[in-house]
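K.L.:
Residue-level listing of the chains:
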Amino acid sequence: MADADFRTLRLAYVRSADQSAATPARHPVVIVGAGPVGLALAIDLAQRGVRALVLDDDDKLSAGSRAICFAKRTLEICDRLGVGDRLVAKGVSWKVGKVYFQDELVYAFDLLPDGGHRRPAFINLQQYYFEGYLYERAAALPGLELRWKNRVVAVEPHEDGVALTVETPDGPYPIEADYVVACDGSKSSVRAALGREIRGQVFRDRFLIADVRMKADFPAERWFWFDPPFHRNQSVLLHMQPDNVWRIDFQLGWDADPDEEKKPERVVPRVKALLGEDAQFEFEWISVYTFACQRMDRFLHDRVIFAGDSAHGVSPFGARGANSGIQDADNLGWKLALVIEGKAPATLLASYAAEREAAADENIVHSTRSTDFITPKSEMSRSFRDAVLKLAKEHPFARRLVNSGRLSVPAMLVASPLNTPDRDSFAGPMIPGAPIADAPVRVGRREDWFLGYTVDRFTTVHFSAGGVPAPEVVAGLSSLAGAAIPVAAVVVVQQGADRRVEWPGAPSADAGTGAGVTVLEDAEGLLADRFDAHDGTTYLIRPDQHVCARWRSFDPASIRAAVARATCNA
Amino acid sequence: MPATLDIQPNIADADGFYEALIDLHRDLTPAESRLVNAKLILLLANHIGDRAVLRDAMARARDGVGADANH
Chain G
27 MADADFRTLR LAYVRSADQS AATPARHPVV IVGAGPVGLA LAIDLAQRGV
77 RALVLDDDDK LSAGSRAICF AKRTLEICDR LGVGDRLVAK GVSWKVGKVY
127 FQDELVYAFD LLPDGGHRRP AFINLQQYYF EGYLYERAAA LPGLELRWKN
177 RVVAVEPHED GVALTVETPD GPYPIEADYV VACDGSKSSV RAALGREIRG
227 QVFRDRFLIA DVRMKADFPA ERWFWFDPPF HRNQSVLLHM QPDNVWRIDF
277 QLGWDADPDE EKKPERVVPR VKALLGEDAQ FEFEWISVYT FACQRMDRFL
327 HDRVIFAGDS AHGVSPFGAR GANSGIQDAD NLGWKLALVI EGKAPATLLA
377 SYAAEREAAA DENIVHSTRS TDFITPKSEM SRSFRDAVLK LAKEHPFARR
427 LVNSGRLSVP AMLVASPLNT PDRDSFAGPM IPGAPIADAP VRVGRREDWF
477 LGYTVDRFTT VHFSAGGVPA PEVVAGLSSL AGAAIPVAAV VVVQQGADRR
527 VEWPGAPSAD AGTGAGVTVL EDAEGLLADR FDAHDGTTYL IRPDQHVCAR
577 WRSFDPASIR AAVARATCNA
Chain P
73 MPATLDIQPN IADADGFYEA LIDLHRDLTP AESRLVNAKL ILLLANHIGD
123 RAVLRDAMAR ARDGVGADAN H
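Same order as they appear, the protein sequences are chains G and P. Mapped onto this note's numbering, the consecutive letters of the first sequence carry residue numbers 27 to 596. Mapped onto this note's numbering, the consecutive letters of the second sequence carry residue numbers 73 to 143.
Hints were generated in silico from the structure; no laboratory data involved. Take every hint as true, because none was put in to throw you off.
Distance condition first, Cα-Cα at most 20 Å in a straight line; then the derived EDC-like pairs of lysine to aspartate or glutamate:
| # | chain 1 | residue 1 | chain 2 | residue 2 |
| --- | --- | --- | --- | --- |
| 1 | P | Lys111 | G | Glu420 |
| 2 | G | Lys403 | P | Glu104 |
| 3 | P | Lys111 | G | Asp398 |
Away from chain G, derived, C-beta distances all over 10 Å, residues of chain P:
| # | residue |
| --- | --- |
| 4 | Asp85 |
| 5 | Ile94 |
| 6 | Val125 |
All C-beta atoms, glycine included, are put in the ideal place defined by N, C-alpha and C.
Okay, chain G solo, but in the shape it has when bound:
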């Protein structure tokens, strides 16, 4: 399917029945802001059968390229939301970064050196495509309503809901919501309406983004220069996007005049200094920005929940803005759905705030450290920075200190109260709270990927060294599927093991599924490695694909207790 031109797409305001209602219409969830975070959350809720209303004050998607780096974890979440393939097909996949100091390459890094993952370390893609694909997915889902040119102008929390006043071209109207999620960006109007603050450190530096359209043969890598000959004493970043668009980000310093620096006649010489006098290019988007590392003290205010840039902000150098916002949505969707369905108490939402506030702190630490490296704040700081870069070429230890942005990785929710602490002994990174690793699997006769079998619900993953496990284990796994909060069951058999499905009610052996249990073969043995799994090892995975609990043996009672704990039902 050819893409619409998402930059010029106009999304029509349509008068809704709520505007003529005698009493304010009540909605379970109102999401304010149809950006990446709001759309992702709305899709997630709609896929779970929870009605979501999205209000946006505008009638268009992102005009500029803006966020361009979407991380592996974001792509995995988007697989669950139904847009992963489109994103990866259109985006430029990359994993290698190169760092230059003055006129030489000091080192290169690989963000995903091992194979066996469905998704690449990163794709680069203009934000309008990312939003456009999410928008088209959202527009196709029943139970999801998008209202454009609907601006929230008042927010009044009540004990059992939130009253909103919405301004439209036809005038204002009132609605009510069980929950409001503010995904309305760094200048959040919901935050302002509630009189809440976002606090942090504003950095005294300015950067110029020049996205240019040109034919060029640079590789699909992230190139970062410190103090290059063509832009002395500042940094420059070069990144490939689809459609022959290149992101060039020039550090300008605090004294630069943002209005002057945006003028094409000022930008052309900077770009030519990098590309050469004869370079042929046209501008796609020019922007001068500053940034702050900041967050709200609390992301949850009774029935108003903050997600994405409304709740937290960082510098762009680690690609931790949009990517962390998508993780916010991923974390919130299943919890909000359980609370609205009455299957979990509202206290479950407090775990969203706790987990994502901790994640924001981690992002802010990384971002602040990167900024201190890129923009040294004293002569000595500059000397250490240059010393690290000079040593990096010959001294491996110094490469670890080079910080041109620590690129987004998913949060490890290790301190979460939803985790069941380990009782048994395990090695490796799949600790409770960790996002689970992907690996190739075989299901029936198909080659597939593990992560696709752990989506949307709690999932028990049981490792079996031989073939299919004993009938009582199969029966125990099947019984979990019928619980009030259903737990899907996956059995992973060793590479090359007999996968014949032998229990009653099983369909044909090739389909790989029977009696609610899916049997996967660990196609390359990577799953057992990555999960430190032995025969009998059992993991409980959260609906957002983080490890919830794990044991060395299969015990349905322990699994039920861990689900209860992870849903605040204990």
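For chain G, the structure is supplied; the task is to place chain P on it using the hints.
P.N.:
Just chain P now, kept in the frame of chain G:
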């Protein structure tokens, strides 16, 4: 037992080491010297590796210097 910062004499030919340290900066501008010192600190810090030892060394280096002299 965790390693601690050794503050007893540990360098053979102390005078010779001190001379070499001063020689290292011969004919350098203050900015160049600052860079050389920074590289030297980074190389030595990595060799030591132990964060507790490094933390102790940093605290002793800062002690009595600057506004918060009781650092």
